[in-house]
Structures are given as structure tokens and as C-alpha cells.
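Protein chains in written order, with the numbering used here: chain A, 1 to 281; chain B, 1001 to 1283; chain C, 2001 to 2659; chain D, 3001 to 3159; chain E, 4001 to 4363.
What the hints contain is simulated information worked out from the structure, not anything from laboratory work.
Every value quoted in this text rests on a predicted model; they were computed, and no experiment measured them.
All C-beta atoms, glycine included, are put in the ideal place defined by N, C-alpha and C.
Check before you lean on any hint, since a few could be wrong.
[As the list claims (entries may be wrong)] On the chain B side, residues computed to face chain C include the following (Cβ under 8 angstroms):
no., residue
1, Lys1018
2, Lys1019
3, Phe1148
4, His1220
5, Glu1273
[Claimed, not checked] Have a look at the derived ranges for each label pair, beta carbon to beta carbon:
no., chain 1, residue 1, chain 2, residue 2, range
6, B, Asp1113, A, Thr82, 20 to 26 angstroms
7, C, Asn2086, B, Glu1267, 51 to 57 angstroms
8, A, Gly83, C, His2567, 34 to 40 angstroms
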Amino acid sequence: MAIDHACSCEKNPLLPSLCRVIDVKQETPDVQTYTIQTLDGKKPFSPLPGQLAMVSLLGVGEAMFSITAQGEDYIQSSIKRTGMLTDAFHEMQPGQEIGIRGPYGNHFPIEDLKGKDILFIGGGIGIAPVRSLIRYCLEHRSDFGHLDILYGARSKKDICFKEDCLENWAKEPDTSVYITTDVPSDDWDGHVGFVPSYIEEVGFQPEGKKVVLCGPPIMIKLGSASLLKLGFAKEDVITTLELRMKCGIGKCGRCNIGSKFVCLDGPVFTLAELDELPDEK
Amino acid sequence: MAELSEAMVQDLIRAEAKKALQTGEVSCVIGWTATRFEDRTKPYFAQTPEECDMLIWNRYCINGTAKFALDDRYPDKKFGIIARGCDTRAINRMIHDKQLKRENLYIIGVVCDGKENPVCRQCAHKTPLVCDVMIGEPVQDVIPESRFQEIEAFEKLSPDERYAYWAKQYDKCIHCYACRNACPACNCIECYADQYRVGWQGKAADREQNQIYGLTRAYHVGDRCIECGECERVCPMHLPIMRQTRKMLKDINDLFGPYECGLSEEETTALGEFKTADPDEFM
Amino acid sequence: MARIGVFICHCGTNIASVVDVEKVAQAAKSMPGVAFATDYKYMCSEPGQAMIKQAIEEHHLDRIVIGSCSPRMHELTFRKMLKATNVNPYMLEIANLREQCAWVHTDRAKATEKAINLVRMSVAKVGNNKPLHTSMIPITKKALVIGGGIAGIQAALDIADCGFDVTIVEKEPSIGGHMVMLDKTFPTMDCSACISTPKMVDAGAHPNITLKTYCEVESVSGYIGNFEVTIKEKTKFVNHDLCTGCGLCQTKCPTKVISEFNQGMSKRPAIYIPFAQAVPSKPVIDENACLKLTKDKCGICEKICPLGAINYKDEVRYTKEQFGAIVVATGYELADWKKMYPEYGGGRYEDVITGLQFERLVNASGPTEGHIVRPSDGKEPKDVVIVKCVGSRDPKKGKSYCSRACCMYSAKHAHQILDKIPGSRVYIFYMDVRTPGKGYEEFYDNTRRDGAQYIRGRVSKIYKEDDKLIVKGEDSLLGRPVTVEADMVILATAMEPAPKIEEVVQKLGISMDKDKWIQEAHPKLRPVETQSAGIFLCGTCQGPKDIPDTVAQASAAAAKVAAILCHDEMETSPMISSVDQTKCSGCGFCVPTCPYKAISLVEVPGRDGNRKVTKKVAQVNEGLCQGCGCCNAACRTGCIDLKGFTNDQILKEVDALCL
Amino acid sequence: MSIKKDNNWEPRILAFCCNWCTYTGADLAGLNRMKYPENVRVIRVPCSSKVNPQFVLRAFQKGADGVLVCGCHPGDCHYSTGNYFTRRRFMLLQRLLEYNGIDPKRFQAKWISGSEAAKFRDTVAEVSAQIKALGPNNKFVGAHYDNTVMEKEAEGGKD
Amino acid sequence: MILAKKDIPKALEILSKEAAVYAPSIRKIEDRTTGVIQEEKIFLPFEEGTEIILDGPNTVKPPKDLLFPNVEKMYQYKAAGEDSYIREILPEDEKKILFGIRPCDMRSIESMDKVFFTKTYVDSYYAKRRDQVTIVAIGCLQPERTCFCDSMGIDPNQAPQADVMMNVAGEPEGESYVLQAQTEKGKALLDAISSLDQQEGAEPYQGTVCSLKIRKAEDLDKKLAGMFDHPIWDKVTKGCIGCGTCTFLCPTCYCFDIDNENYGNEGCKYRCWDSCMFSDYTRMAGGANPRPTKKERLRNRYMHKLSYFNERYGETLCVGCGRCIASCPSHLDISEFIEKATAADPDAVSYTDVPAGTDRKEA
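Just need the whole structure built from these sequences, with the hints factored in.
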């Protein structure tokens, strides 16, 4: 058992703790970011970048989401509207009580990344887990080399974390930001095109660089191909997987790929690791 | 004409299956094959003419074959089915319910003499009702007088006795959905029970959820049941499932006139139509 | 989660005197999703509404529950109020605390408990409400009238006079229908043709009316405001654009066949204008009779037509047109008594005629130029028997219903015979005499005074003896058999719906009653509407009736049509069914349950497992659906659902009430 | 809400009423100040044919003692034919429930028009009395069902 | 100790004073219309007078629901602003004795222990039940024709992990049992019934062997790991109807689902058994499903049993109890699959299915 898992719930790992949504931010027409705190104003737990939380809307249901940011006394999760449950999440207003348990899963291999240049690639809501790592790197700026951030959304209005993507990150030292949209729009004068082709267009150099690639399955597939074309090794491309999950602790069975459980052994895998697993993604 | 022996029928089945596969129009022919136990057979999908020699025919060929046609709702080639009377009713059921197209099927009908399956004693249609080729001599359709005897006897019990009986049965149920998955009338692409809908069907296998499931399924298929008995045959806990669906059939029969399903593709279902002159008890 | 505001109305003391409204509001505060709850004297009043609006602002409410009078009372009021707020007007539920609680109970504690329950139910439901939006559909400002009888003509004229375009589709070569066949109309004895032909001319000349005679409706799709109708133009073989209606061809045509207009009592040529006052007054060729068309001989009409309007190669044409509303005025036909009553000779005796034949006989432009003579030998009849209810009110042999007009026209016929043939005797066999109309009873009285002998009873047999028709019946008042030696017998035959009514009904997606008359939406309150919005009916297609009733209905239908066409677009109710096509199996069980034929199976891109396929699924036509939800319960997967009354919403109500 | 053992036990009866006839009839009963038992609660549906048999099962599962489905008289349906389907569906469901041990009085359907306020009142009173005589329903009631949960709320939440 | 067969009810009576005793017994349902009584052997709570059936075939359902119930409440909650709460519901404090578990089922409990106790998280619910259970295993005497536990490396006469091992003394027809405590819990249990000790008896019978012997490769788990895309899957999964019979009757299947049941703004979160054979098991909110057809699902099940579990926990997740073979609606047979997979060429590009039994001489 190489990965050491921290669990905030000392006794019952399946029991959520009662927390409160203290802020709701509309990121895009179908993505909201929730700032979550315990009832007594504390941080529910301290996740590592890339870890997951099981968020439960009492009486409606629960689902696993990546934690996109954390602060002194809060964690943040961004949720895209995809179905009945997420519809209900999107009706939340500040003050809403929710249950939260976690953090679950492994995390981005921070130790491996230290001292290296990092290329972050995000597509759509896939930027959410990447953002947790970007924030970590920016907070520990001296531990990392040059940071490239490439993010693609459908159109300008679909760009998540607009302040970070369009303003803040570009101002950080030794950081380059590339934003692209799938379709042109009147209010967008930036790059237009899909993420994989933009990767090749920019022509990132593989030397000394690790890649973190998160997004919809098709983007991961084509994006990986682009990266491999540019000469990146599969060991250096890190991505996250998403499967239906229920327990979050590797017991309930459904999120396995081969003998690995995405909720426990994932969600973070390198392309090399994924190659080892049966093709069931 | 002399009756065909089991072995002769088996040879004919193999020959017809081979012929069908050799034309190249049929992707496979489903029938039965042996298992390690002599008194059991299992569904077998012959995909090459050679594999047709695995097909067998004996009194243990009890699995329904028709429902497997739904595994591929959009086939490139025809699906070959070795079909007994009940299997052809199942085929009619699924064609009527618009889940199958006749032109996508190649049906090798076999006149059935009844199998080692209690439901066969109630069989009214031993001769295939629809097929491309027929093996065996057609026999007369006879609706057995015993069709609703069991139901009538059960109706005579007191309400509490009836409830207690069903409650015990549903206590046994393990909620495996074998009855649904084997049933040719349960042909929805996504069953109501598989959908995430708070309040429709809980997944828990407790008495409450099993009762709801049992009754809902009986109601959903009751006016379309072809009485093949697959639900009861597959139930690992031996629930008398037909006793529910046959009850619906009996009531339809009593209230709205003689009723049997799956006899043709075009028939109407009892709950899909009405007559202004239907009996009215709600005045 | 929802943020629900609950507002409990005292309704003065109407609710508050029985229900502890404060306690209800207090209880509501702990219901799931409730962010705010209060009570107030009159929620529907200005200040009450203002209070709700303020609470919406202050507490960021997204759903509203009002505990007040019946939703049938103020649902629209409150929806209208919500239009001015951020809350969607359909995020509203009303708990009926007045009509179904305070007014029907006396025990304060129990009524309060029930009120809490009802509010809880509404809270549970509203929590699952989704914002709904009415949509506007544009309206094609044009009406279609099917049938060019007096009903259709009247409806078309009224609609056209409102300034809307109307198309009349008539299957015969001329409009006019049955009324132009009649001689006089009861009880005023106006000349029928004199009052109906001006209307025909008006219709033909009206700038807003397009006549499509010798045409039939082939198919109808779409819905109110936007019907798409395919009209089939039968082969006339005469180019009406060129033809001036000079009538030369008619006179030279060598073929003679039975005249439909004269009810078989005269002959007409194969190329013909059905009657003198026909509109349009242009001929068509009867392709079954024409020698050229049947045997490729003759061809005289083509040769003599000065304008070259004859075209033997004419073909059936189909045109597609958009209409905003449809009026069905397909009229009636007389039932075929010959099959029903073999004991009346079954058609063997020429002098047993129908009332309509008599109309032609007595009509000055008819086959006998108005002389009442026996069809068999041209002699003037002295003894005439009129038999009423031939096929009507006779469930065993004919129809169970009353044909309504026969009593009056039989009286009229008797009057006409007695008037025109001095010394004649008229015997009328009747079951009852029904004269419910202005001046009708007086007319009947007069006829009796004229000498018509009314005999109560049915006729059991008519047979010929020498020159006479022996009519055997029973006088049920005197209880003895009656035998009348008659020269002529007139049968007042039952009306029945026009032939091919089934086809029309099926194409339009409307329904018929047991006798195949078209079913009105409500027998009392919506007598000229069908169940399908935008389709109206008038005249005898709905049931037997006389001319004044027909004309009144036609004008009523026209008013209904005008009420639709006067809008540029119309709002559709958003509370209609819709299909979750990702889950639909395409079994089609919902299709036959829809009274509006609003559901069809369509092919859409979908998924089979992870494979992309084209699959067949149900689709609801939003213009046709009226929101009954009948299809919902027929759907086993639960994927067709009525917005505003979804299965989930109702289940939540059930759960809440069972707590 | 009182515990079921109580002598003052009141049944819990759900009535699905079609908007056009029965619901109107119930409103009319109110207008005429007719009196009927409190234990019937009306759920408004556009047409009786909207009522899914699943709703009925759910009601029993959740602890209802009786369920009533009411609509327009056959032939009077606002949507012309809905109640003919209702009639077939629920004649079969009633029999199926009876077969499974539920007294047919616990699940009834009735045609009540918009003018039949008195019939509404009488029906409600009759059904209520019948079910009261039958006592609490314990068939099909869910194992999870917990009566005590609600007591607090019925008293106006815990202050 | 030696316990006479006739003393079993006495022993259970003594034991049931301290704990709830579950033992194989017959559940009967009488059909009053015909008088026919349906019988079904399962683990039932022991009460005075209950007939305990220790011999004969194994129970229809495995005893796993006593440790991992079909439905288990996890916590209660209320969502109502300030009044909101989440309250854990742990299994009750109740000592249980599972009496008469066969070695195959005992082995399945070991596998469940591995799942719920190891790999970072301990499942509180399972743990609490497991800690309170004492298990008395019994040497199998009558394996059914579908039993193949010894082919899976299980000795039908021994259950080393049980608290007490019980075997018939001497020959299968012997009149007494030999009970041996294998743990402290087991010792305590035997102490409680020591008064019934017959002191002397024959040696425990160890002679049971399974009638169904199957050919299973030693390294089948590793072989299968390389056969994910093998054509064999297309063939062997075809007859499956996708029901949950095999998983719910399997003593080792442990997958579960989590759902909730609401009462107003209160509610209860519970978990219940789930089956990997169901289409909604892996289906995601958007509709995509990594295992869209029964081929992927059955493959996952077989792979999980025979390969993935070995990789993760070091043992096979099939104990050869044969329940799935006996009850499969389509008469599919995992033992047949094991033999086929053992015989298959792992690199084959096509596969011809020769069902077991077709080599039998035809009638």
C-alpha cells in the first residue's frame, strides 16, 4: 500500500460531517463554485491537491467532486450541472447545510513535481482539480519551475474561474497562460480552437516538464496524443479519471478499473499507469 | 404421419441453423446446448455452421430464446432464433412493443411437446405462431381449462391469508430482477426500477420494496403477459410470479372479453384501449 | 435546495375563523425547503401581494406556496403577480384552505391539522416545480371550412366578414349542399333556393373566400394556429380558369346519367353543372360516365368548347396550405332506408319516395317543374301517406336518435300536397310530433287544420296492389290496425353523417360519438368546439338539426374562429407533457391514450449502450397537447411526464400527506 | 398526529381529484358549507387518467389508510376519453390489490361531477367511515415508515 | 469437546441465552390453495423448537447478510437550517453466534474481512457486526453436484478462521460431533456448553471431497489479467440475462449502493446490496457507461473473482460454493468458465465455444 490516505473522519469513514455553504459563485451558466465551512466556521479538512470530497445534499443525494481550492477556514468545490442531483446543488444558496466527507483518493504527486516545469492543461470543468494544484504551486512558488497554464472552454462565457484564468495567473511570476475557446464569439478576442490542436500549436517542449491534463474524456484522449507527438513521456503526463462512485473508500465496488479503485487508488494517474490498466475508461 | 423423435428434431434444427448461417444473412442462431449436467441445457449462440452441431433438443430445453434478440436492438444482420410456441409469442410481444423488427429475425419454429417446466402444462400454443421455417407437425391450440384455476383458488382465501402469503413470498425475494430480465414483456430500454428517481423504486431488498416492485411489475406486464412462465422459472427464490400476472390476465379476460397476448403483432393491449361500454363499478 | 415562501391567508375570517392560521404559518417554517412563512388577512389584496413581493426580495425566495382559497379562484391572480418578480409564475402552488378546509370543517384543532397537512403537501410539490415558460406560436390568419353546405357557407361568410381569408373545400362540383335542393323552408314557407343562393353567390364573390369545389381534404397535420392541410383537387377535366360556364357542352353531351341533385328523379349529361344556380357555375366531367374517358370515343365537348377549356388529360392535384383554424361542416346524408326496411318495398315501388325526393318533385326547378306527380306514371296522387321516423328512433332497424327536422318537413309536405292537389288526402303515420321551435307548433296546427290526418303508429308493411300502394299500420291510439290505399308514400328518412365521415375525423384527429356524429368538446358549454383546439364544427355533422340551428351554429363557430385569428400569435400553456427521449423505449403505449393525437413516434439520434444509433421515440406535439396526463400513466418507464404535474411532484405530495 | 393505537385514531385518506369535475365539486361543497370528515386530503390532478397506479402503491407504502381516485363521469371527461382509461386501469388495480390482501374499500374510485357537491361530501363521509371501521392499514406499509417523526412537526415544529 | 447430535438443540438453547444464535433451518411457506409447502433452507434465528439442519445441502442463501445486511441504515439526517443534524446509526449491540457455517462460506467471510478491514479504511458498520459474532463452522458432509470448493483450494472439512470447528465424529453417520475451539471466542463458546461434553468420541471426520472437480490453472489470475481483450468473453457472456442472482447469492460479493429515504425534511441514509450485473451500476449522471453491455459486466465479475481480487488481496474471490451455478437463470457456470479460461490460448484471436457436456454421449 504505497499511498498513505488521510481520513478526516476518525471513526466512521462513511459518515459525513455537517457543513455549511457560505458562498455560492456562478462561474459559468452551468458551473457554480461553493465555499464550504463547518458549522463552527472551520475548515472541514485539509485536502491535498487533486483529492476528492463526497458532498451530500441531505435528502437528495451525494456525489463525488474534486476540491478546487482551500483556504484557512474553507474548502471550495465547483459543480457542473449534469443531472437531477447537480440541478438540486445549483439551487443552493448561502447558508445551506450540506454533509461532506473526505478527503478521498490520492493526490497529484507533488514531490515528483517539485523542481520541475509544469504544464497544466484543463478543459471545461476539468480545470477544477487542476486549479487546486496550480494554487498549491503558486503558494509554494519557489519549489517549482516555469508554469504553463493552458485552458480551453467552449466559449468565453463558459470559462471557469475567470479572474484566475483571465487576470490573476498571468500576473504571477514565471507563469504563462494560454486560453482558448472552441467557438468564436463577439466578446472574445483570444485564441479559438480545440485544446489538443492548441497544445501542438504552442509546441511545448518536453524537457524537464511534467504535464497535468484534466478534462472531458475525448480531450484527454486527443490531448495525450498531441503531447506524445511533442515528445512527452507517458510517465510525465498526469491526468485524473472520473467514474461513478458511491462509498469513496474503495469498498462499494463500482469504480474499479482492473484491480484499482478510482476513488482510492485514483483519481490521479499517469498515462503510463493507465496503460497498465484494462481499457475500460 | 409419425411423430418426429427428439433426435430427428435435433438434426433438423442443426440443419436449418446451418442453412441459415451459410446464407450469410444471419449473424447467429440461438438455441440450446448441453451443460455438464444432463438435466440442464443453456442458451447457445451458434455463429458458424460448425457450431450448429452444439445445438441440442431435448426435454430440458427450457430457457426462453427470444429475449436475447434484444441484446442487439440495431443489428446489421438477422438474428436467428430457434423458437417454440412460447418463444414465438415472445417475439410477437416484442415486435408489437416496437422493440424488434420482424425483418431482423430469422425464426426456426419448432413444434414443442412440452418441457420439464411446470408452466408447459398450461401451454395453449405449442405450435410456433410466426416463423420462417417450421419443424414438426402443427398441433391444435387448446387453452387449458386450468388456465385460471390457480388464481380462482387463491382468490377464495381470506384477504389476510392472501396478504400473509405474499408477504412471506416477498420476504424471500432478493431483488435480483431475474424475472424482469427474462420476461419478454419487460422490454423497456431503461426499466423504471433502474432509474434514479426518488420514490419510484428503492433498491433495498426488503419486504416493502419487493412488494412495490412485484406489484408494479405485475401491473406493467399484466396486460401484455404471454404466459411463457420465464419469470417463475428464473426466480432463484421460487416466487410464484405468474400468480400475479395471470391474475391481471384473468381480470382482463373477465371484464373486457377473451384475452390472450402475443398471438399476433397487431393486437391491441387491454390498457391501451377502452370501450365506452366497459363495465363501470365506479358510479 | 429550494427557498420556499409560505403565505397563509386569513381570507378575512373565512379561513381564520376555523383554522389557526398563525399555527399553520409557524408549522410551515419547519417544512423542508421553507425559508419564510407568514400569515396575512387578505393575500389577494394589493397590500397582500405587495407583502409577498417584498418577502421574495428580502428572503431570496424562489418558490411560493399560498394557503388560501381554491386554486381555481386565484391561481391566475398570483401567477400574474409573480410575473413582476424574479420568481417564475409556475413556481407557485396553492393550498386550498378555504373551500376544502375551513368551509367544510368545524373542529378547529382538526381543521388546523389538516391545513398544515395541505400546506405541507403544497410545499413538497412546489419544491419540485420547475420554471415553466409559455411559448408564443404564430397564427396563420386563414381558416379552412370543410363542406360547402349552408353551414359551411355561413361560417365562411362570417369569418370572411371579420376580414380573414377562408377556403371552402367542397367535394361536389358546387357549393350549396342540401339546402338548395329544398323547395320551401318551414315554418315561413320561404323559397329555399331564394334565400340560400344569394349566400352562395356572396360566398363565391367574397374577396376573402376561396372556393375549392370538387376537392377533398387529403391530410391534416399541425395544430391550432398552424394546421398544414393537403387538399386534393379531383379531376374536373374542365379548365375553370378558361371556362365561362356557357353551358354549350352540357347540351351536346350524348351521355345521360342519373342526376344526384334531383335525387335520381331525372338525368344529367356526363359533363354537367349540377344545377342552374350552381356556384361556381362551371361544369365538370363525370369520368365514370364520359365516353371519351371510359371508351375513348365521342370527344364532342372538346370539339365544341369555344374556349378550349376541356382537358381529358386532367390529373388529380394536391396543394398544401396553412390554416389557423378549421371548421368542419360536412353535413348529413339520408340513411339508406331500402336496406333497413325491406317491408316498405325495399325500393321496388317507384312511388315510395324520400322526403328529399319529394322536395325535388315539388320544386319548380325540379324534374317535374313543381308538379306533384307519381314518379311511376306521372299521375297526380290523391292519397298520400307520409311515414315519419323511418330509420329514426328505431334502434332495432335504424338509429336510436331523433332526426329532428322530419316532423316539421313532413307537416310542410302535407301542407304542400293539400295546397297543390285539390281534393287530396294526406295520412301521416307518426310516433310523436315534436315541434320545438318558433312558429313550429302553429305550423303543425295549421297543417292539421288543412286536413292532414295524423295517425299515431308505425307502418308495418307497404305493398302494391294494382295501382295502389297498400300501407298497413296500426293506430296505437285506437289500438286497431289501419290500412290506407295510397297513390304515393313519402318516407321521412333518418339523417346520418355524411359518408366518409370516418376518414375526415381520422384525418383531423377528432372523435365521433356512437352514431358517428362528430363529438363536440362539451355538449353544453362547448357545443361548436371539438376536443382538438382550433377545430370547430357546425351544422348537421354534429347531429341532426334544422336550418336555423345550423346557421346559428355556423355563426357561433365563425365567432370562435375569429377569436383565434384576430391574434397574431397565441400563448400556449406550458403545462403539457414532454418526453425524456433518452429514456423512451419507443414502445408507443402512450400513443393510443392521447385524445388529441398529440403523440407520434419520431426518429432521433440516440444511444444504445455507448453506440450512437437512430432510435424511435415518442414526441409530444406541443400545439396539440392539452395537458391531461393520460399518457403519463401509460408509460412504464415514466419518461413521458406532464409539466406542472410531474410524477415526481405528485409522489412528493403523496409522501408529504402520508407523513 | 395521534398514535395509531389511540381510540381517537383518524384514518389518513388520500383523494386524487381531477381538476375539472371532482375538484370543482369539492370546491362547491365548500361554497355550500357542507361538512365532511377532516381525514380526507385532496391531491389535485388535471385528469383522473394522470393518476399512475404507482402513486397508489406509494401511498399505501407510506402509510395511507385509504386512497380514492375521483374523476368526471364517463363521457364527461374534460379531455374526452381520459376517464375511460382511468376506469380500466383502476378496475384492474383494485382487483390486483384485493388479490394481494388489500380490502377493496381501501382503494376506491368514484365519478363525481363538478355539480355533485353532495355526492363528494357523501363519498368522503362514506369512505372515511368505511376505513375507520377497517382500522389502520398495515399492509404494504414500509418498514422505514416512522410515525413519530411527524408528531413534532404537526405540533408546529419544536420551538 | 464432543457433542452428541441429539444435544445440539440443548447447546443452542444455552447459547441463545447470551447471544442471538443463527443456524441453518427451513423456512416454510404454505400455499393454502393446494396445501403445498415451499421449503427453503437458510440461516434463521434459533428459537426453542426450531429444527436445525446441519447436514444435507448448503443453505440457498449464504450467511453473509448476518454480517453485511442487505439493507443497513447508516445515518439519520435532518435538513432544516439551524435544526439540521447528521446522526450515525451503528449496528445494535447484539452478540451473535453463527452456527453451522460451511468451510466455503467461512472462507467468504475471510474475504469480506479483507475488504472491509484493510486498505486504508475500516468499515465501521461491518466491523461492529463482525466483532460481535462468534462463528461455529461445520465440516461439509454432502457437497452438492455444483460444489467445487476443493478445486478452489478450500478443504470442505476445515475452516481454519472459524472460532469453533465442528466435524462429525468418526464416520459421516456418526452420532456426535467433535468441536474444536480455534480462537479465544471459540473457547468461551465451548466453555458455555461444556456441560454437554460427552468426553469421548471418535476422531473428526475429514473425508469429504467435492464431486465436481475442475481443471484450474495455478496462475489463472495472472493468465486472466492478460486476457482482458480475449475473444472468449464474447462467447461466454452471451447467455447472461444481466440479473443479479449470482451476485446476491454469492457469499463473497460485497458491492453495495448508498441511497436515502426521506420523511419530510428528515431522512435516513442506508446502504444496500448492489450488483455489478445491473446496467445502472456504473452508469454516470450524464448517461455514459464504462460497462455498457453484459459482456463488460460479466467480464468484470469473472475478472474480479478470479484475477483482480487476487492482485489486490492475494486470494481468489470464488469459494466454489456453487450457488450461482445452481440458480443462474441461464444455467451459466463459473466452473465451466474457469476450465475454459485454463484451457484457452491467451493470445488467440478467435475462440470457438465448446460447452461442457457436449462431449457427453448423446442420447
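Consistency of the hints with the structure:
no. : hint                                        : result
1   : Lys1018                                     : 30 angstroms, violated
2   : Lys1019                                     : 30 angstroms, violated
3   : Phe1148                                     : 24 angstroms, violated
4   : His1220                                     : 5 angstroms, holds
5   : Glu1273                                     : 6 angstroms, holds
6   : B:Asp1113 <-> A:Thr82: 20 to 26 angstroms   : 54 angstroms, violated
7   : C:Asn2086 <-> B:Glu1267: 51 to 57 angstroms : 53 angstroms, holds
8   : A:Gly83 <-> C:His2567: 34 to 40 angstroms   : 39 angstroms, holds
In summary, the numbered hints that this structure violates are 1, 2, 3, 6.
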